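Participant: Next come the chains, spelled out residue by residue.
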Amino acid sequence: DVKVTQSSRYLVKRTGEKVFLECVQDMDHENMFWYRQDPGLGLRLIYFSYDVKMKEKGDIPEGYSVSREKKERFSLILESASTNQTSMYLCASRNVREQYFGPGTRLTVT
Amino acid sequence: SQQGEEDPQALSIQEGENATMNCSYKTSINNLQWYRQNSGRGLVHLILIRSNEREKHSGRLRVTLDTSKKSSSLLITASRAADTASYFCATDEYGNKLVFGAGTILRVKS
Numbered sequence: 083d084v085k086v087t088q089s090s091r092y093l094v095k096r097t098g099e100k101v102f103l104e105c106v107q108d109m110d111h112e113n114m115f116w117y118r119q120d121p122g123l124g125l126r127l128i129y130f131s132y133d134v135k136m137k138e139k140g141d142i143p144e145g146y147s148v149s150r151e152k153k154e155r156f157s158l159i160l161e162s163a164s165t166n167q168t169s170m171y172l173c174a175s176r177n178v179r180e181q182y183f184g185p186g187t188r189l190t191v192t
Numbered sequence: 247s248q249q250g251e252e253d254p255q256a257l258s259i260q261e262g263e264n265a266t267m268n269c270s271y272k273t274s275i276n277n278l279q280w281y282r283q284n285s286g287r288g289l290v291h292l293i294l295i296r297s298n299e300r301e302k303h304s305g306r307l308r309v310t311l312d313t314s315k316k317s318s319s320l321l322i323t324a325s326r327a328a329d330t331a332s333y334f335c336a337t338d339e340y341g342n343k344l345v346f347g348a349g350t351i352l353r354v355k356s
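Chains A and B are the protein sequences, given in the same order.
Each position in the first sequence, counted from 1, maps to that position plus 82 in my numbering.
Each position in the second sequence, counted from 1, maps to that position plus 246 in my numbering.
Hints listed in this document are in silico derivations from the structure and should not be mistaken for laboratory results.
Treat the hints with care, since some could be wrong.
Lysine-lysine pairs mimicking DSSO-like chemistry, simulated, CA-CA at most 27 angstroms apart [unchecked claim]: (1) B/K315 to B/K272; (2) A/K152 to A/K137; (3) B/K272 to A/K137; (4) A/K139 to A/K153; (5) B/K316 to A/K100; (6) A/K100 to A/K153; (7) A/K137 to B/K343; (8) A/K139 to B/K302; (9) A/K139 to A/K152; (10) B/K272 to B/K316; (11) A/K153 to B/K316; (12) A/K135 to A/K100; (13) A/K135 to A/K153; (14) A/K135 to A/K85; (15) A/K135 to B/K343; (16) A/K137 to A/K100; (17) B/K343 to A/K152; (18) B/K343 to B/K316; (19) B/K272 to B/K302; (20) A/K85 to A/K139; (21) B/K302 to B/K315; (22) A/K152 to A/K135; (23) B/K343 to A/K85; (24) A/K100 to A/K139.
Quick caveat: nothing in here was measured; it's all calculated off a predicted structure.
With the hints as constraints, model all of the structure from the sequences given.
Facilitator: Next comes the structure, spelled out in structure tokens:
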């Protein structure tokens, strides 16, 4: 059974903190993605990676960075968390056909 | 940028009725996919329809694609309370990434 896991389901951080969201997939996929999901806005792509150490900006990369040191792991980093980054964060990996999503991390920045 | 736009934003029906959701998009696509999201969870792939296909079935799901109108519809027949979820269309624009719409919230009342 294919699996994408995310390090936390719920996370509460303070403004200005550095936040790491981890994502691991066990399907040997090359492509991995980070989205944020907000009510009424659907899924918005933050960053994606199509190979180890490769990354591409998505639609809303400001305030975020990513790291892909190993094929199975794709990390999203909030360098200095702000309240407008309170959201649901979804990680995904894909093969040629479909994307597989993790369960999501609900991040609250206070 | 948001490619798929779902319509309606929300839909409430009785168990046993059919549910139809529509998706419009703007550019040429390789394929169009539908995903389902249960409350507070990650998305799950439902069905993929290629640009050269007009209709596809999977169990109680029927998807149509009209590339001339740049639109797709998802029909769920004989709905059940367990179908209550958000449904998203996503377009594959010949690249590595999918572009998701804002989704339709479906509520099936028992």
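Participant: Against this structure, judge whether each hint is valid.
Facilitator: Going through the hints against the structure:
no.	hint	result
1	B/K315 to B/K272	holds (9 angstroms)
2	A/K152 to A/K137	holds (12 angstroms)
3	B/K272 to A/K137	holds (26 angstroms)
4	A/K139 to A/K153	holds (18 angstroms)
5	B/K316 to A/K100	violated (42 angstroms)
6	A/K100 to A/K153	holds (23 angstroms)
7	A/K137 to B/K343	holds (12 angstroms)
8	A/K139 to B/K302	violated (33 angstroms)
9	A/K139 to A/K152	holds (19 angstroms)
10	B/K272 to B/K316	holds (7 angstroms)
11	A/K153 to B/K316	violated (35 angstroms)
12	A/K135 to A/K100	holds (21 angstroms)
13	A/K135 to A/K153	holds (9 angstroms)
14	A/K135 to A/K85	holds (22 angstroms)
15	A/K135 to B/K343	holds (17 angstroms)
16	A/K137 to A/K100	holds (20 angstroms)
17	B/K343 to A/K152	holds (20 angstroms)
18	B/K343 to B/K316	holds (19 angstroms)
19	B/K272 to B/K302	holds (21 angstroms)
20	A/K85 to A/K139	holds (24 angstroms)
21	B/K302 to B/K315	holds (17 angstroms)
22	A/K152 to A/K135	holds (8 angstroms)
23	B/K343 to A/K85	holds (19 angstroms)
24	A/K100 to A/K139	holds (20 angstroms)
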